[in-house]
Amino acid sequence: MVRYLGRRLLQAVPVFFGATLLIYFMVFALPGDPVLALGGDRGISDALAAQLREQYNLDKPFIVQYLLYLQGILTGDFGTTFAGRPVGELIASAFPVTFQLALMALAFEAILGIGAGLVAGLRKGKLFDATVLVVSLLVIAVPTFVIGFVLQFVVGVRWGWLPVTVGSNVSFTSLLMPAMVLGAVSFAYVLRLTRTSVAENLSADFVRTATAKGLSRRRVVNVHVLRNSLIPVITFLGADLGALMGGAIVTEGIFNIHGVGGTLFAAIRQGHAPTVVSFTTILVIVYILANLLVDLLYAALDPRIRYDD
Amino acid sequence: MSDQPAQPPPSSAPSPQPLLKVRDLRVSFTTATGVVDAVRGANLTVYPGQSVAIVGESGSGKSTTAHAVINLLPGTGRVSGGSILFDGRELVGASPKTFVGVRGKEIGLVPQDPMTNLNPVWSIGFQVREALRANGFEGSRREADARVAELLSEAGLPDAARRAKQYPHEFSGGMRQRALIAIGLAARPRLLIADEPTSALDVTVQRRILDHLEALTAELGTAVLFITHDLGLAAERAEHLVVMYRGQVVESGPSKQILAAPQHAYTQRLVSAAPSLASRRIQSAKERGTRATDLLAVTRGDGISEERGELMRVEHLTKEFVIRGATRSAKTLRAVDDVSFTVTRGTTLALVGESGSGKSTVANIMLNLLQPTSGVIWFEGTDLRTLDPRAEFAFRRRVQPIFQNPYGSLDPMYSIFRTLEEPLRVHRVGDARSRRARVRELLDMVAMPASTLRRFPNELSGGQRQRIAVARALALEPDVIVCDEAVSALDVLVQAQILTLLNDLQTELGLTYLFITHDLAVVRQIADEVVVMRNGQVVEHATTDAVFDQPTQEYTRELLSAIPGASLDIFGAA
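If you're matching them up, the sequences are chains H and U in order.
Counted from 1, the first sequence has number 165 at position 165 by the numbering used here; the numbering is strictly sequential.
Counted from 1, the second sequence has number 486 at position 177 by the numbering used here; the numbering is strictly sequential.
Okay, chain H solo, but in the shape it has when bound:
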């Protein structure tokens, strides 16, 4: 088990280097000159441009730029933005918010999705099941920003139940609505996945055997159906954590959250490699860790899976 953990963590090392190199190259290959773009329509003097290029290492060949960047990271320096702000500071301000938002969204989709999916699966073909299926289809079909704006208007502006935007006021209450919007689509998927899985396990032979033993319906469902049905759902949730963190840009925009998505988007438009690479690499690492966690949970839920080598 310890060996397995060690091996999985070691695997993250080449992934880290590969990801940073690849992303750095992609930003490098982006069309347009980031320095000239800084000047906008008014243009920029050649002397200033040259000075900026030197300051941000943009005059050097690609591989040198990359190695200088790596050297910086290993000594704790993530570089500075064109506005002069250290990238490290950006990370420290953007990630906690987004992380909290993503975790809340994950909790929302896991608890409500599994709960509603279980009930729907147990009552397959009944009214509740049909309703829930239609609602989840709607949620999947309607774009996130539509759901976001509608909720923001109705719950935030009309009814005044929850804060309309987040801004600098980051709290559980202010993030509640954004988390629901962010998790909405995945909630629908979790629900459908749980429903199918439960319905399938209900007709499994071992469930019939459990019933034949004389167990009550409640116990059959809790002990023999639910645990087995959660295995595919857990896989989905784990993979989703990474997607929730990196993909919150629309939600962050609607609710004015200064998180990862918005910062990353701005950095890509500016062609600022150190910011893009640092943010993306952290997202990659979160993804790797989330996947590792899923695999461990997997083994806890399913005794047939053992990591012993």
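Heads up, a few of these hints could be off.
The list that follows gives simulated cross-link-like pairs (lysine to aspartate or glutamate, DMTMM-like), each with its CA atoms no further than 25 angstroms apart [what the hints assert, rightly or not]:
| id | chain 1 | residue 1 | chain 2 | residue 2 |
| --- | --- | --- | --- | --- |
| 1 | U | K474 | U | D422 |
| 2 | U | K406 | H | D295 |
| 3 | H | K124 | U | D346 |
| 4 | U | K406 | U | E528 |
| 5 | U | K474 | H | D302 |
| 6 | U | K414 | H | D205 |
| 7 | U | K474 | H | D295 |
| 8 | U | K474 | H | D205 |
To be clear about the criterion: a stretch of chain H counts as covered by chain U if any three or more of its residues have a C-beta under 8 angstroms from a C-beta of chain U, and this derived list gives those stretches [unchecked claim]:
| id | segment |
| --- | --- |
| 9 | 195 to 205 |
| 10 | 218 to 232 |
| 11 | 291 to 303 |
No lab work stands behind these hints, which were simulated from the structure alone.
Glycine included, every Cβ here is placed at the ideal spot set by N, Cα and C.
Given chain H, work out where chain U should sit, using these hints.
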């Protein structure tokens, strides 16, 4: 005929009160096309301590009848009429709560397939303990564990206390079935429903488990309701037989009486088709077959093989697998150990053994799907190891497999036409038009109507699918067909049809069969020669008649005596 004698049989306890009395039971399923009656007026009586078997092919309603008794009908199934009296209480229309009380405690169930009937995520001990707790066991955790170990060892599981901590995937099929028996009998029910309890197991394991179950239920005084498709097994294990056909009870009475003098036409067919009873090679054209072999040996006698008519020769075949265990050192498992035999053109060689005996490994090596660790396979004088990719492609065309599970070996997304046409297309045989003609010819060979072409595997029955699998194997006009348990998953009557089909095709096309099976009864019907394998080694190799009449090895004798019904003297007389 559909009723049973009202008086209890003489062998049971002198209790006039029946334990289970099913009268005019009707069960229906609602499908997309309407209501289908699966059971249409079944009658059945079980007295305390008596053993009764319901016999019939799949779809006859035998399992449905038994499941109706404990209200465990699958899907849309429901009891639409009749009565089920258990110990004088009416169970039709009883509340869910009543059934929770009856299940486990008064009526136990040993289900059909041990591989799918235990929950893979809970330990064996947990699942047995649960059966105790649900039925009023109120001891401490330690007492419960002790009782679990007791129940498991009573069901014949060695080292039960330690085994109870293991999970189903760490158990073999036979051990799982023992665990399921322990669960079924945990609360000491008065009636045990055993639904094909051993049909998924090897014959020898099957016999040990059934012997054990019989002894155990006799000791506990439990009545047993067997459900089986195997008439031999039913007759051997139950005092009373109930034969079901298409949802109705067509005949019932004492076992021996039914076997000796079957009244209903269906029972008569069943008795004559039971492989354990039909004891001779299907002889339709064996003489012609032998002549064809001689003829072939003459025409192809160009010196490539020393022996007359030899097609394939296996020499000192050994295959080792590396298994990764919990310990770090890798262990090797010798699955096939120095096996040699020859396959004669135009004949059938059966490779017999229990699961784990290495017979399927030999087959896979002969299909060139697996590389041997050492040893040589000669095919018409060519060493299989020396085949270049092109020659291997040609070899594949001449040696075709038919697999065990007709549900798994046909692509569900391919129409029957596409399934049959694919090998022809892959091997670039003819043009589209001639391929179409060939596919129709193939269907004709396996006696399937041309209308099947546009259908998909899920629209066919198991027997029909296996016919398609045979047709697919024949598409490329192979010399050898390797049948890996090709009829094991089929009902006896369908099994007999497929075996006859294979036999006729052999005579017509001069095919050579390699028949891999654990079922000696099937071997007797189809094989000319038998190779008995155990733990990777050949323990006996002789002609079929010799093996059946004078087995020289103890192990072969054990296999033979394990055939259900073999010990019943009635067959000797019949």
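Now for the hints, and whether the structure bears them out:
1. K474/U <-> D422/U: At roughly 21 angstroms apart (the allowed maximum being 25 angstroms), D422/U and K474/U satisfy the hint.
2. K406/U <-> D295/H: violated (40 angstroms)
3. K124/H <-> D346/U: holds (23 angstroms)
4. K406/U <-> E528/U: With Cα atoms ~30 angstroms apart, K406/U and E528/U exceed 25 angstroms; violated.
5. K474/U <-> D302/H: Answer holds: K474/U to D302/H is near 15 angstroms, not above 25 angstroms.
6. K414/U <-> D205/H: holds (20 angstroms)
7. K474/U <-> D295/H: holds (23 angstroms)
8. K474/U <-> D205/H: holds (22 angstroms)
9. 195 to 205: Contact hint for the segment 195 to 205 of chain H vs chain U: holds, 3 residues under 8 angstroms.
10. 218 to 232: holds (count 5)
11. 291 to 303: It holds, with 3 qualifying residues against the three required.
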